[in-house]
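Trainee: I would like the entire structure built from these sequences, with the hints used as guidance.
Number of protein chains: 2
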Amino acid sequence: MSNLERLYSNRASKMRKSVIRELLKITQDPEILSFAGGLPNPKSFPIDDLEGVIQDVLRQHGKTALQYGTTQGLFELRKAIAERACKDGIKTTDENIIIFSGSQQALDTVGKMFLNPGDTALVGLPSYLGGINAFRSYESNLTGIPLDQDGMRLDILEETIKKFLKNEILPKFIYIIPTFQNPAGVVMPELRRKKLIDIANEYDLLIVEDDPYSKIRFDVPRVKPIKAFDDEGHVIYMSTFSKILSPGFRLAWTVASDELTRRMEICKQALDLCTNTFTQFIASEFMRRGSLDLHIMKICEMYEPKRDIMMSSMKKYFPKGYVCHKPKGGMFAWVTLPKGIDTETMFLDAIKEKVAYVHGKAFCVDGSCGRSMRLNFSYSTDEQIDEGMKRLGGVIEKNLKNRSSSHSVNI
Amino acid sequence: MSNLERLYSNRASKMRKSVIRELLKITQDPEILSFAGGLPNPKSFPIDDLEGVIQDVLRQHGKTALQYGTTQGLFELRKAIAERACKDGIKTTDENIIIFSGSQQALDTVGKMFLNPGDTALVGLPSYLGGINAFRSYESNLTGIPLDQDGMRLDILEETIKKFLKNEILPKFIYIIPTFQNPAGVVMPELRRKKLIDIANEYDLLIVEDDPYSKIRFDVPRVKPIKAFDDEGHVIYMSTFSKILSPGFRLAWTVASDELTRRMEICKQALDLCTNTFTQFIASEFMRRGSLDLHIMKICEMYEPKRDIMMSSMKKYFPKGYVCHKPKGGMFAWVTLPKGIDTETMFLDAIKEKVAYVHGKAFCVDGSCGRSMRLNFSYSTDEQIDEGMKRLGGVIEKNLKNRSSSHSVNI
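Quick note, the sequences are listed as chains A and B, same order.
Going by the working numbering, the letters in the first sequence line up with residues 70 to 480, in that order.
Going by the working numbering, the letters in the second sequence line up with residues 70 to 480, in that order.
Bear in mind the hints are in silico, worked out from the structure with no lab data behind them.
Wrong hints could be hidden among the right ones.
The list treats identical chains as one, so a pair stands whether inside a single copy or across any two.
[Said to hold, decoys possible] Cross-link-like lysine-lysine pairs, in silico, PhoX-like; alpha carbons within 20 Å at most:
{"no.": "1", "residue 1": "132", "residue 2": "367"}
{"no.": "2", "residue 1": "160", "residue 2": "148"}
{"no.": "3", "residue 1": "148", "residue 2": "459"}
{"no.": "4", "residue 1": "83", "residue 2": "430"}
{"no.": "5", "residue 1": "385", "residue 2": "231"}
{"no.": "6", "residue 1": "132", "residue 2": "375"}
Mentor: Printed below as a string of structure tokens:
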């Protein structure tokens with residue numbers, strides 16, 4: 070009898086399926102209105118523009134665009150990204166940029182580069198599930214730092230760092246999504262960003278700044294990335310084309326110091342040799358034509374009313390007592406329901422009513438946020454959002470009633 | 070003073086740059102005739118066909134082709150691959166196939182899934198450098214098994230396995246490139262493949278079969294993949310579109326048992342969520358049109374005369390005493406030079422003469438093959454191959470003379 074499981078590494082034995090990926094499978098049922106995935110709206114894809122772009126790429130660069138590329142990534146693309154980063158206040162050149170196969174690969178690289186089994190890293194409570202999964206796949210211990218309406222609580226962060234250092238535990242990095250945080254939607258103000266850099270400098274620690282959403286901004290002034298205040302090279306910044314062009318292209322990038330960039334490049338060599346050359350050329354040509362900024366404007370114009378519909382439909386259909394701060398950008402609303410509700414168990418009722426979300430616990434390394442859920446507003450049509458909130462309102466109402474009746478029984 | 074190096078994981082501290090990647094950088098000097106990389110010929114890329122294919126993909130599937138896909142990969146592509154695998158004698162369906170971002174990612178996944186620090190895996194002497202790099206990045210110990218003209222020596226393999234098991238060391242897998250081996254070019258005959266499966270079954274071990282080249286076949290009958298004889302699920306088979314369509318698309322696949330496929334899928338979720346959806350759709354449509362087999366024929370017709378030119382130019386220009394068995398397929402010639410030559414030190418002379426190769430030691434986990442080198446014949450033009458062999462012949466001649474003169478000094 071074959072027993073290949075005895076061959077698995079310790080990390081493989083511990084790997085669990087991603088909750089979101091599994092949910093996405095359930096929600097492939099076309100009758101379900103899904104607010105679970107972090108998917109851009111398919112209508113936003115610039116298909117017509119891309120047809121011309123790709124024709125040019127094939128005719129002018131076909132022989133290089135279909136060939137292997139360097140591990141660091143296409144020079145023209147890195148140059149264009151560096152110029153945009155400079156406009157955001159990040160002082161960098163193409164040499165400090167690596168093109169990754171999506172931010173998830175950059176997160177995996179961070180995990181591989183820094184985490185020994187048993188090592189500690191700090192993440193938000195709540196935080197992006199893909200980051201948690203990548204870091205856990207290297208058998209690390211993740212400690213959660215609570216957020217408030219201005220993002221990660223730095224008083225608790227510093228306290229936690231001090232406590233760890235006192236016990237001779239070195240936190241390997243602080244993983245943070247400062248702008249339109251996934252899932253909580255909050256934005257860390259500039260002052261707190263500077264304070265965070267002070268902490269990183271003081272304790273000589275690494276910050277991993279994940280910034281997929283800052284360009285999808287509705288009614289809030291621009292805030293500079295944390296990396297813009299990083300004079301000592303303590304920040305690995307990452308962003309992606311997934312939300313502003315196409316997730317199917319699997320293109321993201323990092324900005325980091327010379328030494329960290331060199332080391333990440335070596336790590337990526339063993340991961341996949343190089344990122345997709347063809348889609349790198351496409352993104353590069355799309356930017357060269359000046360189409361990216363126009364396209365981002367179009368996306369913002371498309372998503373802002375969807376956000377508004379979701380907020381007003383919740384108001385219309387949800388029973389009172391829920392809390393949802395209007396997200397000022399990004400793709401998600403974070404809803405916290407009255408006490409007694411468990412969004413994980415409620416999910417089964419929601420599926421029965423053909424509506425889906427991601428439950429809060431999935432984002433919390435300590436299993437908190439059990440009353441919360443993340444709702445995506447970018448993917449669905451306006452009508453689907455209204456109908457979805459109606460269905461969800463019904464599910465919540467029923468759960469609240471069950472809660473009271475079970476309460477009466479208990480009393 | 071910042072010292073982020075103290076944050077690195079043990080595996081990151083040990084990571085070294087890939088020799089081949091670094092060589093490729095040197096050889097970007099356009100004056101150097103490089104036979105170093107494993108690059109397809111850019112003239113082989115079906116640019117005109119792809120223009121039509123991509124137009125159809127965008128117009129008919131734009132909204133899904135630019136969106137996130139499932140981790141396992143595009144159903145239509147997996148189905149087409151499964152059908153082709155069946156023709157090669159591998160009994161499989163789409164469910165046992167995963168689409169990876171190049172074979173390198175599949176190799177990294179194998180490393181992540183099976184290798185704890187200090188674990189042992191068995192590889193050919195010589196073996197593919199990218200595999201060695203991926204496995205070493207998980208701090209494993211690689212033991213080399215010598216090859217003969219029929220591939221890996223199974224008597225030594227079995228002896229080695231027995232020795233390890235006696236010492237309570239469990240070899241995690243046997244990594245093997247059975248057809249047009251990289252770099253040695255040899256083909257393992259069917260009888261030896263069956264014997265290898267017998268060994269895997271007897272000791273309940275895993276075989277990782279890497280098969281990028283079997284379709285690039287000139288004058289030798291087809292041999293079934295090892296996977297075709299694998300009735301008990303001991304083989305993870307992998308192949309790629311890099312050599313038969315475009316390496317820039319970063320598309321490869323694995324065929325494995327239900328359990329191994331499920332586990333590799335979980336592992337890949339944390340690596341990059343999903344493989345490039347857009348190029349998956351392109352490859353799928355290219356195959357649907359029946360273009361792939363025609364294209365492979367074209368590649369074989371293009372590479373066979375290049376192989377012949379390389380063989381005859383070596384004969385013309387190389388000093389006597391070298392050994393190179395004519396490769397019957399694939400993309401590489403493996404040359405062993407007379408005693409006293411070190412191809413690693415000779416490389417600097419070669420670069421001075423504007424010609425490049427990969428030295429043999431790079432492929433050997435025990436540092437052997439110091440007199441050998443790998444020459445790629447697919448990338449260069451016919452004229453470049455002839456001129457390159459001429460330059461290389463001169464370099465070898467000079468080195469042989471130096472050797473004799475240094476010998477005389479020593480005597």
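Trainee: Can you list which hints this structure breaks, lowest number first?
Mentor: As far as the earlier hints go, 3, 5 are violated by this structure, in ascending order.
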